[in-house]
Amino acid sequence: MKYDCGFTKENKWFRYRAAAIIIEKDHILFAGNERENYYYSIGGGVHIGESAEEAVKREVLEETGVEYEVDRLAFIHENFFDGDGTLEGKECHEIAFYFLMKPRGTQELNSNSYTQGVKENMYWLPIDKLKEYRAYPTFFKEKLKNIKNEIEHIITYED
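The opening position of the sequence shown corresponds to residue 1 in UniProt numbering, with each subsequent residue numbered one higher.
Honestly, the hints are just simulated from the structure, not real lab data. Be aware that a few hints might be false.
[To be verified] With a Cα cut of at most 30 angstroms, we get these calculated DSS-like pairs of lysine-lysine:
id, residue 1, residue 2
1, LYS148, LYS90
2, LYS148, LYS102
3, LYS9, LYS57
4, LYS129, LYS141
5, LYS9, LYS131
6, LYS143, LYS129
7, LYS25, LYS2
8, LYS102, LYS90
9, LYS129, LYS9
10, LYS148, LYS119
11, LYS9, LYS148
As the structure is a prediction and not an experimental result, all values here were calculated from the model.
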């Protein structure tokens, strides 16, 4: 049995997450499902005993059906937010490592992913129009236009 690095205690929720930045033809890949009313980055909880890089490769393969290679770590994100959807009523704290993945030159995927029993869909959203979507993390809207060569540390307090 694999366990994610995270816990829920009363109304507090914490998770250590590894996530992917997959860009093809000026579009970034997001996931979504019918239960949540927003788009979210590809990725998931890091398992105990697993490195963030191993986790992101596993999550990308699980969600897209495609093996992507890691280019480099781009962002460390400390995210504080009030949960909604499945996390309704929870005070949430997430630490995420965002890895830039090497492009493959195609937007073709082989996705057949489910999250908590609900079908997950993949969406290629245009980077220059991200402001028009309810997509998380919100810092992508600005930061993806000009990704720096060093690792950026970002802290957000979402409403």
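What hint numbers does the structure not satisfy? 1, 5, 7, 8, 9, 10, 11
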